[in-house]
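Chains A and B, in that order, are what the protein sequence lines are. For the first sequence, the working numbering begins at 2 and goes up steadily by one. For the second sequence, the working numbering begins at 65 and goes up steadily by one.
Among the hints, erroneous ones may be present.
Calculated pairs, EDC-like style, for lysine to aspartate or glutamate (alpha carbon to alpha carbon, straight line, at most 20 Å) [claimed, not checked]:
| hint | chain 1 | residue 1 | chain 2 | residue 2 |
| --- | --- | --- | --- | --- |
| 1 | A | 16 | B | 284 |
| 2 | A | 67 | A | 92 |
| 3 | B | 181 | B | 192 |
| 4 | A | 77 | A | 120 |
| 5 | A | 16 | B | 276 |
| 6 | A | 16 | B | 289 |
| 7 | A | 89 | B | 316 |
| 8 | A | 44 | A | 28 |
| 9 | A | 89 | B | 289 |
| 10 | A | 16 | B | 282 |
| 11 | B | 76 | B | 86 |
| 12 | B | 93 | B | 230 |
| 13 | A | 16 | B | 281 |
Now the in silico label distances, taken between C-beta atoms and shown as ranges [as the list claims (entries may be wrong)]:
| hint | chain 1 | residue 1 | chain 2 | residue 2 | range |
| --- | --- | --- | --- | --- | --- |
| 14 | A | 68 | B | 288 | 23 to 33 Å |
| 15 | A | 110 | B | 310 | 17 to 27 Å |
| 16 | B | 89 | A | 41 | 47 to 57 Å |
| 17 | A | 75 | B | 89 | 53 to 63 Å |
| 18 | A | 4 | B | 280 | 20 to 30 Å |
| 19 | A | 41 | B | 184 | 54 to 64 Å |
| 20 | B | 148 | A | 107 | 24 to 34 Å |
| 21 | B | 288 | A | 44 | 20 to 30 Å |
| 22 | B | 107 | A | 108 | 45 to 55 Å |
| 23 | A | 28 | B | 285 | 30 to 40 Å |
| 24 | B | 184 | A | 68 | 50 to 60 Å |
| 25 | B | 288 | A | 46 | 17 to 27 Å |
| 26 | B | 311 | A | 107 | 23 to 33 Å |
| 27 | B | 280 | A | 44 | 31 to 41 Å |
Derived by calculation from the structure, the hints in this document are not laboratory data. For glycine and all other residues, C-beta sits at the position ideal for the given N, C-alpha and C.
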Amino acid sequence: MSRILIVDDSRTSRKILRSILENAGHDIVGEAMDGQDGVNKYKELRPDIVTLDITMPVLDGLGALKLIKEIDTESKVIMVTAAGQQNKMIDAIKLGAAEFVTKPFEPDEITKMVSKLSE
Amino acid sequence: MINQLFGNYLVKAGLLSKDQLEQAFDTQKKVRVKLGLIAVTEKLMTLEQSEEVNRLQAQMDKRFGDIAVEKGYLTDDQVSRLLGLQGNQYLTFAQAVTDNGFMTLRQFEAAFLDYQKSLEFTSTDMEDLKSGDSDRIVPLFLPSDCDEMQKEHIMVAVRTIIRLVDSDAYIGRASWVSSVETKGVAFQCMSGAVDMALGIAGEEAGFLSMGEAFAHEEFEKVNLDLLDAVAEFINCVNGMFATGISNKMFVDMVPPTFKDETVTVSGGRLLQLPVYISGNRINLLSAYDGKMSI
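Using the sequences and the accompanying hints, generate a full structural model.
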């Protein structure tokens, strides 16, 4: 079981992700609605894994990833994207993202990914 | 989609009652289309030839196709092609309506010709409609001067509605509009070589049908939570569209916008396509060569 922080501006996405991850036995320690809120919650909660949407207001996922990596180089971050954002995925790899998940969510894909990162 | 489109036409034309239509849809889920019906609707055999083969089939331990080939009505290749059409939505609907005794096959085909006239569609258009393939059906309902990129965007949206929201969704005829006044809207702009946007506006029942089916959650009314779900759906569509065109151009997506109050939506060449989800209307808005705004 991992302690997970979900960062996504969409309430629907947060709710679906929470449901998938809780059903797989993980503990959702917090939710954030934009990148800056995500960075603040990361500092406060120190989760095992962060899911980070790329397209968000205030501070986007790439900006938040950079700041989280500055706080903790060992942080495990799963980037959440709508398809069609390949260039941003490349940038995220360079910044140290561990994995990617594409919307609409496939529960099996997400649970396998989180299990792998939890090992 | 064709069963919904033509079925609703039959009700409006007074040829089926609403109850009969619902019964036909229920039957349609279980029917296996007879080869004879397909051969007649595909104009490869006459109704009389089909009935003759049916009579012979009752007397022999042979399949319809084998007898039709023996009689010289069909070739082996035609039988193979017809067998491949057995799951076709138009044909299963025809089978369901005639099996229930609501119409004869001749009446059904005559009504389909009247439907063609009412739409002012060509025979080729009608073949596209009968195919059941949304990628062939959607362009029939778009204006002829619609840009190919905008057409593709709308096709991805309709395909995704059918896949993720309602497999029985169907569409109406699209029209160019300068602006749309709506109580509630969700949209997302994409910037690139051409600015584009996709939005969803419409009536409360349509929003509820869409949001609930996509988010698997019940909503009492159109509020920001429901529109967040609709916006997330749009985000998924735009992502898939951006992937599809990535070899032609790059587009960047901004966070979606949604409002639960009365607003006027405008932007670019704005196209409005009615989409019916669980029978309730929403309006798909597509802006091309301009940003959508409220």
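Hints versus structure:
About 18 Å separates the Cα atoms of residue 16(A) and residue 284(B), which keeps this hinted pair within 20 Å; it holds. For the suggested pair residue 67(A) and residue 92(A), the alpha carbons sit about 10 Å apart, so the restraint of at most 20 Å is met. At roughly 15 Å between alpha-carbon atoms, residue 181(B) and residue 192(B) fall within 20 Å of each other, so this suggested pair holds. Under the criterion of a C-alpha separation no larger than 20 Å, the hint pairing residue 77(A) with residue 120(A) is consistent with the structure, at around 12 Å.
A C-alpha spacing of about 13 Å is found between residue 16(A) and residue 276(B), which places the hinted pair at or below 20 Å, so the restraint holds. About 11 Å separates the Cα atoms of residue 16(A) and residue 289(B), which keeps this hinted pair within 20 Å; it holds. Between residue 89(A) and residue 316(B) the alpha-carbon distance is near 9 Å, which keeps this suggested pair within the 20 Å criterion. Distance hint between residue 44(A) and residue 28(A) is fulfilled; the C-alpha atoms sit about 17 Å from each other, no more than 20 Å.
Under the criterion of a C-alpha separation no larger than 20 Å, the hint pairing residue 89(A) with residue 289(B) is inconsistent with the structure, at around 28 Å. Distance hint between residue 16(A) and residue 282(B) is fulfilled; the C-alpha atoms sit about 13 Å from each other, no more than 20 Å. Proposed proximity of residue 76(B) and residue 86(B) is supported: the alpha carbons are some 14 Å apart, at most 20 Å. Between residue 93(B) and residue 230(B) the alpha-carbon distance is near 15 Å, which keeps this suggested pair within the 20 Å criterion.
Between residue 16(A) and residue 281(B), the direct Cα distance comes to roughly 10 Å. Compliance with the 20 Å bound is thereby established for this hinted pair. For the pair residue 68(A) and residue 288(B), the supplied restraint of 23 to 33 Å holds, since their beta-carbon distance comes to about 28 Å. Between residue 110(A) and residue 310(B) the beta carbon distance is about 21 Å. The supplied range of 17 to 27 Å therefore holds. Between residue 89(B) and residue 41(A) the C-beta distance comes to about 52 Å, which sits within the given range of 47 to 57 Å.
The given range of 53 to 63 Å is respected by residue 75(A) and residue 89(B), whose C-beta atoms sit roughly 56 Å from each other. The hinted window of 20 to 30 Å between residue 4(A) and residue 280(B) holds, with their beta carbons roughly 26 Å apart. A hinted range of 54 to 64 Å for the beta carbons of residue 41(A) and residue 184(B) is consistent with their spacing of about 60 Å. At about 30 Å, the CB distance of residue 148(B) to residue 107(A) agrees with the hint of 24 to 34 Å.
At roughly 28 Å, the beta carbons of residue 288(B) and residue 44(A) sit within the given window of 20 to 30 Å. Our hint of 45 to 55 Å for residue 107(B) and residue 108(A) holds, since their Cβ atoms are close to 47 Å apart. For residue 28(A) paired with residue 285(B), a C-beta distance near 33 Å keeps the hint of 30 to 40 Å intact. The hinted range of 50 to 60 Å is satisfied by residue 184(B) and residue 68(A), whose Cβ atoms lie roughly 59 Å apart.
Look at residue 288(B) against residue 46(A): about 26 Å separates their beta carbons, and that is inside 17 to 27 Å. Under the hint 23 to 33 Å, the C-beta atoms of residue 311(B) and residue 107(A), about 24 Å apart, fit the expected range. Between residue 280(B) and residue 44(A) the C-beta distance comes to about 33 Å, which sits within the given range of 31 to 41 Å.
Hint 9 from the list above is the single one not met by this structure.
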